[in-house]
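**Student:** All chains, please: the whole structure from these sequences, using the hints.
Chains as they are written, first to last, in my numbering: chain A, 177 to 363; chain B, 17 to 432; chain C, 15 to 104; chain D, 260 to 1236.
Read the hints as simulated data drawn from the structure, not as lab findings.
As the structure is a prediction and not an experimental result, all values here were calculated from the model.
Ideal Cβ placement from N, Cα and C applies to all residues, glycine included.
Hints are supplied without guarantee of correctness; some may be wrong.
Partner residues are not named here, just some residues of chain D that face chain B (Cβ under 10 angstroms, in silico) [what the hints assert, rightly or not]:
id, residue
1, E336
2, A404
3, D505
4, H674
5, S895
6, P1007
7, W1176
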Amino acid sequence: MPDLSPLCALGAFDSRSERFGALRLTEVPDLGLVSIALRKGAEAPAPFGLALPGPGAWAEGATASALWTGPGQWLLELPGQGAADVVGLVAPEAPGCSLTEQTDGWACIEITSTAGAAPLEALRERLVNLAPGTLAPGHGTRTILHHMSVLVIRRAPDRLAVLGMRSAADSLWHALSETAARLETQE
Amino acid sequence: MDFNGFRVVWEGLTGHRGWKPLWRDPDPKPAYDIVIIGGGGGGLATAYYLATVFKEARIAVLEKGWLGGGNIGRNTTIIRSNYMLPGNQPFYEFSMKLWETLEQETNFNSMVSQRGILNLCHSDGQRDAFRRRGNAMILSGADAELLDTDAVRQMYPFLNFDNARFPIKGGLLQRRAGTARHDGVAWGYARGADRAGVDLIQNCEVTGLRIEAGAIKGVETTRGYIGAGKVGVAVAGSSSRVMQMAGLRLPIESHVLQAFVSEGLKPCIDGVITFGAGHFYVSQSDKGGLVFGGDIDGYNSYAQRGNLPVVEDVAEGAMALMPALGRARLLRSWGGLMDMSMDGSPIIDTTPVDGLYLNAGWCYGGFKATPASGYAFAHLLATGQPHPTATAYRLDRFARGLPIDEKGMGAQPNLH
Amino acid sequence: MLIPHPLLGLRDAQEFTYLGDASLMSPPPSDDPEALERHVHLRDNPAGLLRELWFHEQGDRSWLVVTRDTRTHEILGAELATDIRREGAR
Amino acid sequence: MTRLDGGHVDRTRALRFTFDGKRYTGHSGDTLASALMANGVRLVGRSFKYHRPRGIFSAGSEEPNALVTIGTGARAEPNSRATVVELHEGLAATSQNRWPSLGFDALQVNDLLSPFFAAGFYYKTFMQPAEFWEKLYEPMIRRAAGLGKLSMLPDPDAYGRGFLHCDLLVIGAGPAGLAASLTAARAGAEVVLADEDFALGGRLLAETHTLDDDDATAWIAATEAELRSLPNVRVLSRTTVFGTYDHGVFGAVERVGDHLPRPQTVRQTLWRITAKRSILAAGAIERHIPFAGNDRPGILLGGALRAYANRWSVTPQASETDRVAIFTSTDDGHRTALDLMAKGVPILAVIDPREDAPRLGNYPLRKGAVVSGAKGGRKGLSSIEITEGGRSDWFECAVLGVSGGWNPNVHLASHHRGRPEWSEADAQFLPPSELPPGMSVAGAAAGQGSTHGALASGAEAAKAALGLDTLPELPRAEDAPSRGMALWHVPGRGRAWVDFQNDVTVKDIALAHKENMRSVEHLKRWTTLGMATDQGKTANVTALAVMAELTGKTIPQTGTTVFRPPYTPVALGVLGGGDTGAHFRPRRLTPTHPWAKAQGAEFVEVGQWMRAQYFPQEGETHWRESVDREVLAVRSGVGLCDVTTLGKIDVQGKDAGEFLNRVYANMMGTLKVGRVRYGLMLRADGFLYDDGTCARMAEDHYVVTTTTANAGLVYRQMEFARQCLWPDLDVQLISTTDAWAQIAVAGPNSRALLERVVDGFDLSTESFPFMACADLTVCDGLRARLFRISFSGEHAYEIAVPARFGNAMMDRLMSLGQDLGATPYGTEALAVLRIEKGHAAGAELNGQTTAQMLGLGRMISRKKDSIGAVLSRREGLEADTRRLVGLQSVDPSQKIPAGAHLFTAGEARDLNTDQGWVTSACWSPHVEGHIALGFLAGGDGRMGEEVIAANPLEGQEVAVRVVSAHFFDPEGDRLRA
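**Tutor:** This is the structure:
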């Protein structure tokens, strides 16, 4: 194990978490990420037994979850594997694919609601221009949020993940928290 | 009838009975020596200079709608000669000099107002590029000043200096630049051309070009066939459509540019300001409206209307630069049809068809060029030779690898 | 504007970057410099239906060929550029 | 004036407010206009040109006259229409465009001079002498121009943004809009209902109609309650839909906090609404009838008079005994008289030009008569002249309601440039037949003037839009067609206003006609008709009809007007959506940002990134001291710089090499695994696009770097090549810019330093030479990539570790390198180092330069084809003799300004003799003098020549010697050591 101390995307040793009414924003520091791209003529693999989802969808598995990111392309999420050599882990599971480590490419902010879907929907409609169905549970996509390129994943009716460029983590947190705080005030 | 203050007072005292039409509404004659297609700024100025400077007779301007209804009727009224490249700067400085005497020459108050234009810079690299440009301006006989942050603050203390994402690091100022009343420019040229004998024919759309043995013979119009010795095309965003009648494809795409005006406000912005880190520029008209704009929508369009994201983008730029604008209201917007060329610079040239001449590719910068564009096109039509300041505006410059690319964006019109 | 993405349905045009005429994806052979120059610089620029390239930069990173009327902005359809290019090659 | 009976204001809630500093009281439910009226205030504003005294003219957003500034200080909002400002406790309103006071306005003199201020007068004068325009005339005009005053203080309020999606957007919550919403909502459709008013009901609130024999407000309340209870309905009151954009997208502004003394969170929210279908039910705006002196305070639209009486229980009477007259050419005015009588308001007469005018009640009726004049002071109307059968008489009268018929509010239906269509039968412009896709129009906006017509057409529109089978049961309502004649103006000698705010009279239109400014657009531009803040809502159609009369043409022959967004003026603050100040654009931080901050670094914006510019140390008083120290540290020891911002693209696949051969101008397919090559990319037109390195990590895996500025563009271009040009190649691309922290380790001691962190990796030149790359581990097992590349000309490396370890890595390298002279350096030193080495950067790669100009023409391989290669050989590019050269001040202490132009010594300074320009310049600690890079005509053959760097912009001329661009280690021995 290297004797270097990693920083979270928001620049601190510990991940950030803050509550705004029914919503809680939490920076997830240990999510392993690896992109999978099919090579020419390759069949879609089923890494860790996970059936890779189709356009606009996100599939959750026991070891890994996957978001469709483009034709023949997925982003594989490996919870708790933030420090791992994820390409090494996934390579045997995804033959015929180009893999690229993306763990540190993204800052992941999980948003949970203690009051069901409604607060998340209210947040969604102030952040991204996506039809509600595009972000129904089990769906996810790349889109724009306050001039930032983000991946948004609706993991459950009361859970939404926003992944933004790691370098812009501060701006992303600002956008999310300011919006959530205003909703709280308006409640 | 000459316009002057005495006449205005006299007519005021006598019930405005003596005013005459600003121009005639002649029926088209069977043939003209020179037919200009397009009664916008370019076409009207061309006709004016052909008749007054180059002493051509038998000239007609054909306009499919109303005079001055092209981009000269929908722009942000800025005049300036602050270009960098040798193919451009002398031409725009020539235009600026024509602006400076325009009203006395046409006997029409086009409200040319040299209020100054300030281009803000936000990085050292941008300031170096401005220095290169400012020097090119001075070397062409124009004026330019490079301001530091303090000087900008002194001029416009209300800009966002203290809480900016992209701090203001100075600016390039051209004091002789400014604004002109866009409709007044069109009307001044139209009235001047009419008084010099040019037939201005409204509601006359060109539907075809008659070409025989590689030479132009005349134009088919909704008001019948009109013979012509020479035909000059000055139709901005419709250039591809008109030239297609001659079987020519152009290095041009038509794009929509939105522009905006606020409600009338007491004077608050003296000159023209452009924001170098966002898409926003602004000035205030003599009536009090803030006239502002930003980037083109970015897709090909003939619809003369744009979409909401660009409106938001411009307003964001406005708020970032001048947070006091939060409580100014957008009153009107409009969409102009821009003839975006492959290098962002215009074309004033002959074409492969004898007697057919083209004036096009003005992108979103045609207004300031109106006098020189008309003068240079008239020069070319009358003498067959390009005006000395417009020699680079050739149609074959792309084939030859001599683009005039101020922004360095290459053959992608929506980035110029 | 909304772009009817063939895989993702209607999406805000703001997620896309515009390039221009779809003919840009079919350059002539490089041994004809003049044709190549015309390909790079000349456009039909029609007032009417235009097949054009849009990049879903803030989406799935697909290049699309969108058929759109430049007079009304009406969109008649959109396809993946790769599909069109592969069909053309056959 | 006391309140009448009834109405929809809450008399139990009093609200205090001020107008021009004077205190008044209104009620909850009032607009500022109704509250002013209730307090007997008749003079509210001044017109734009003649500064004529003006009162309240309408009861809605079409108001031309009653413009005031709301709020004070930084919150002052000019040009607010009192008729739509919702009263709140403490509201402070101020009149505008007057000096010194609203009651006595010095510029009233303009009104006396009005004969000289006719339409277009300023185009005809102020030309002599020429210099007087800018010195005298224009400043005078500007001072007089404008209405309200902007505070010029930063707007202190926040704004929000949001996005809504629905099956049906209903615009307007009058009877048509409510019926449409109810129909769609009960069918389960996702509905958004938006109305600009704070109360739903639209015109119903202004009438005394019954629905199902009950007060209409009961039905409104029940409907609103039902709609608000449904999960599939979003009711947005105080929300103006201002624009119809492509493909069912609408812009709307919700005034979230304007009706509160202070907004709780945001003041307003910008909603972008995407609707599959839309129904425009925006009602209609009443027309007035121009007659001499028709702009006096106390003269207002008849429908507005009725609305004030019914909804707000007020009239503009100064006292209860003041007589009110109605001038109407339609049955509608008669209804106003009835409603006023029911409230006990004395009616002077209903004056109707129709010989067959109906009598709807017991009021004095003057058939076949017109109002031909009005008198009054600044307090407003005192008497009117009634002309009947050639005979004119004056009558005392304080209030006159004018009803000339209704103009359907088709604004949003013609934003796609569909032209409204004239209906001769209705004397109205109806919505265009070419509606924006998905839109239908209902209610008064579609010419359905009766309440029944509005309800039925709204429900039918929803049914048709959603393909429903059934309609909900609608309440029974009046279905009286309002008959009328079109009377466009009352002929006469006096001034009859058409456009109130901009002071355009019938005479001005006649003058425009005389001067051949007859097309609608010329008319508008010559007279300024319709250009005021009300956008001509009460003027344009009337003006068109007057022009038609003058030309002898029909109204449709004369023209129509097109409408463009916004429907009503929208604050720039809300259009900007709230991302302002420091949050205007996202800010990207490098992985070592916390470390650099702790070191006290100065930061600089580089595109979206913040980068360390230099690291000042104690005792350093000028940035140059820090930079020089950092540069010398690199040259003598080892420097560390975060270069994460360079774009990184992972290129994989069987055909990756072939793909890169086609994308890069030089050969990449032949690169050996474990090696890096410098590469050039060209645009399709052959000019230089970007440069960077290309590292082959494995047979089928390359890592490409781009410049910081072009990272996004290069990726887009590569995806274009992959998908659109060569989809049959097996290539996969993905950006990894943020995933890796990349640190440049440069200087003679760089190897020694890195040897202390790598896990047993041989860094000797034999095994890891210049331009080598490798995957390896550092610091006991951390995955890393090492590239032996150099931007500084020094023996140098770039080491990449997962971004989360970047900060710790920097810290570790610094602490391990103490004895080796490890020094952090920023972008300034980076720039000096690369200028000393003659490496191109942004100033040299500005999109206007070629490989040849950089002296790299031979890198464009002729053995293969690549993007831009062929066009790079066009004659203009090949004949360009400008070359990148080094420049050194002859007097080493003289600074060379970047952006100076180069001239041959002794030649004139003009564009014809221009020889090139200085791209980048710095003080070089290595040369111990000022140096620069620049492009110089014939540069290759001018080594040693003394040329002039001229900067007339700042009055500088510097003699410089032309030298090789490689000031430092031209042979590259240091690199390869």
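**Student:** Could you check the structure against the hints above and give me the numbers of any it violates, in ascending order?
**Tutor:** 5 and 6
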